[in-house]
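A.B. asks: Given the coordinates of chain A, assemble chain B onto it according to the supplied hints.
Protein chains: 2
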Amino acid sequence: MKRIAFIGLGAMGRRMVARLLQGGFAVNGYDVSAAARDAVATLGAQPAASAAEAARDADAVILMVVDAAQAAQVLFGDGVVRALARGRPILLMATCPAWLVSEIAERVTAMGRGFVDAPVSGGTAGAETGTLTIMAAAPSAVLDAVRSIFAVLGHKLAHVGERPGQAATLKTINQLLCGVHIAAAAEAFALAAKCGLDLPMVLDVLGDSAASSWMLNDRGPRMLESDPAVSSAVDIFVKDLGLVLDTARHAKAAAPLAAIAYQFFLATSGRGLGAADDSQVLRSYAVLNGT
Amino acid sequence: MKRIAFIGLGAMGRRMVARLLQGGFAVNGYDVSAAARDAVATLGAQPAASAAEAARDADAVILMVVDAAQAAQVLFGDGVVRALARGRPILLMATCPAWLVSEIAERVTAMGRGFVDAPVSGGTAGAETGTLTIMAAAPSAVLDAVRSIFAVLGHKLAHVGERPGQAATLKTINQLLCGVHIAAAAEAFALAAKCGLDLPMVLDVLGDSAASSWMLNDRGPRMLESDPAVSSAVDIFVKDLGLVLDTARHAKAAAPLAAIAYQFFLATSGRGLGAADDSQVLRSYAVLNGT
Chain A
0 MKRIAFIGLG
10 AMGRRMVARL
20 LQGGFAVNGY
30 DVSAAARDAV
40 ATLGAQPAAS
50 AAEAARDADA
60 VILMVVDAAQ
70 AAQVLFGDGV
80 VRALARGRPI
90 LLMATCPAWL
100 VSEIAERVTA
110 MGRGFVDAPV
120 SGGTAGAETG
130 TLTIMAAAPS
140 AVLDAVRSIF
150 AVLGHKLAHV
160 GERPGQAATL
170 KTINQLLCGV
180 HIAAAAEAFA
190 LAAKCGLDLP
200 MVLDVLGDSA
210 ASSWMLNDRG
220 PRMLESDPAV
230 SSAVDIFVKD
240 LGLVLDTARH
250 AKAAAPLAAI
260 AYQFFLATSG
270 RGLGAADDSQ
280 VLRSYAVLNG
290 T
Chain B
0 MKRIAFIGLG
10 AMGRRMVARL
20 LQGGFAVNGY
30 DVSAAARDAV
40 ATLGAQPAAS
50 AAEAARDADA
60 VILMVVDAAQ
70 AAQVLFGDGV
80 VRALARGRPI
90 LLMATCPAWL
100 VSEIAERVTA
110 MGRGFVDAPV
120 SGGTAGAETG
130 TLTIMAAAPS
140 AVLDAVRSIF
150 AVLGHKLAHV
160 GERPGQAATL
170 KTINQLLCGV
180 HIAAAAEAFA
190 LAAKCGLDLP
200 MVLDVLGDSA
210 ASSWMLNDRG
220 PRMLESDPAV
230 SSAVDIFVKD
240 LGLVLDTARH
250 AKAAAPLAAI
260 AYQFFLATSG
270 RGLGAADDSQ
280 VLRSYAVLNG
290 T
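Protein sequences, first through last, are from chains A and B. Numbering that gives the first Met the number 0 numbers the first residue of the first sequence as 0 and each following residue consecutively. Numbering that gives the first Met the number 0 numbers the first residue of the second sequence as 0 and each following residue consecutively.
Chain A on its own, in the form it takes in the complex:
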């Protein structure tokens, strides 16, 4: 594995490209945005004129696109699978519904290329520092061939299973907990405010007690700011908790806490705050409770 085609150069993708270059890989970068292609060119990547051109001389393709529809378009519509040499692997690292990942994987493997379902957790901070948690589902032999790539992108690689779609499912479960924990922190702060407690004190005590969560300690401080910098947008959780509910519907399983949390992110976006930091879901509780 020496040369990687990297398709999708957004907030996550461009940081992951930087890590690959630092790790000694050559990178062919492609994005529909010329500005995004130029940005990775300045880092030392080779900008490509099309997704297929990026794939042509690559040892592997990484997709960090928006959703499964974009992944399918790039792979089959834009000809990435045909452009990639037979036997080489495609790594889908975007967050997508498990059943669509399975369909894409079947089409890719039927065309004689490898496929790894490999979503990540850790956000832009994890992408920047190479400390992503990578959840991978693929036959062991296919996964083993790309471990050197994952080693520079993440600090933890979990082999979730042999069947593509299993890692997408685990990422969905991950987002269920992340979304509910953010909303729970907002609910706790809103009730504390209504009862007249000092919120920085509440965060200080609960962030170090049995009530703590990774999200309470990460989003909690930004919930106490009136206009925090955007680390991850409200609309990401509108999408990802929507994915959780679609997955639960697909499995015919009840997920009532996720359903409630979703309403609060959705309403926050509906008031025009979709691009705000996701900590601002607190504002939905604040307007609801009049605090």
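Rather than coming from a laboratory, the hints here were simulated on the basis of the structure. Some hints could be false.
Copies of the same chain look alike in the list, so a pair counts if it works inside one copy or between any two.
With a straight-line cut-off of 25 angstroms between C-alpha atoms, the simulated DMTMM-like cross-links for lysine to aspartate or glutamate are [to be verified]:
(1) Lys238 / Asp207
(2) Lys238 / Asp56
(3) Lys155 / Asp217
(4) Lys238 / Glu52
(5) Lys251 / Asp207
(6) Lys155 / Asp197
C.D. replies: Just chain B now, kept in the frame of chain A:
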């Protein structure tokens, strides 16, 4: 502060008495159960024939009773306040509704004794090792006089405010997050199981990702056991999430995630599992989803 009257010698109380004895305090122990009194006598405490007798020669009284009604009965009905010398403090460390704590505090201070509202987080493990988080609300001078007691019981003392009831409110907010996080872990496991994922693998990955919570890592392993040892019972969260909802009703604030979590603990208890470990709230999701 040399001799403490400790009233309420249950799972928390007897462990806290052991810590006080190890810390060099003398302890007069009282509980309605003779077996509980005998148990602390073997640790080196002085068993008392009544709550008032325990208080008579004490420098301070600690209450670790079941609820506010028991606290009021012990203090006013059984004569503990009158038995305690004037000016000495009463520390209410049980989890009680904030408005009842305020009422009790007013009566105690009107009788010329000090009062500290001091609930704890950390459970029996924290009680055993002296690593409780103690939330205290009292005038600074009253609190300062009992810091040496709290120092052997907890590793963190938060002075929440000057008014008794404020710490009870914070403990309630703490329980909101704890209860929702346990139920969220159960919801995540239940959906993961329905989707065919291996649950120990799910716990291993998510316990170390942005999806993690203190409760996921503490209760998660016990959720994967069929009959785990009881660390804290389902009925404790039926009580404590009930207290969260009472507090929200009292404040006229919405707490929808807490309300959903409460339903699952309540139904678990209703199927006869009230004394089971609270991790077994997972079974309500399992029966609901048929997994």
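A.B. asks: Are the hints correct? Go through all of them and say.
C.D. replies: To see whether the hints hold, each was checked on the structure:
Within a single copy, Lys238 and Asp207 get their C-alpha atoms only as close as 30 angstroms, which misses the 25 angstroms cut-off; across copies the closest is 23 angstroms, which meets it. Taking the closest pair of Cα atoms, Lys238 and Asp56 never come within 25 angstroms of each other, the shortest separation being 34 angstroms inside a single copy and 64 angstroms across copies. Taking the shortest alpha-carbon separations for Lys155 and Asp217, both the intra-copy value of 20 angstroms and the inter-copy value of 21 angstroms come in at or below 25 angstroms. When the C-alpha separation of Lys238 and Glu52 is checked against a cutoff of 25 angstroms, the pair qualifies neither within a copy, at 30 angstroms, nor between copies, at 63 angstroms.
In the homo-oligomer, the alpha carbons of Lys251 and Asp207 never lie at most 25 angstroms apart, since the shortest distance is 37 angstroms inside one protomer and 28 angstroms across protomers. Only between protomers do Lys155 and Asp197 lie at most 25 angstroms apart by alpha-carbon distance; the minimum there is 18 angstroms, versus 37 angstroms within a single protomer.
Consistency note: the structure conflicts with the earlier hints numbered 2, 4, 5.
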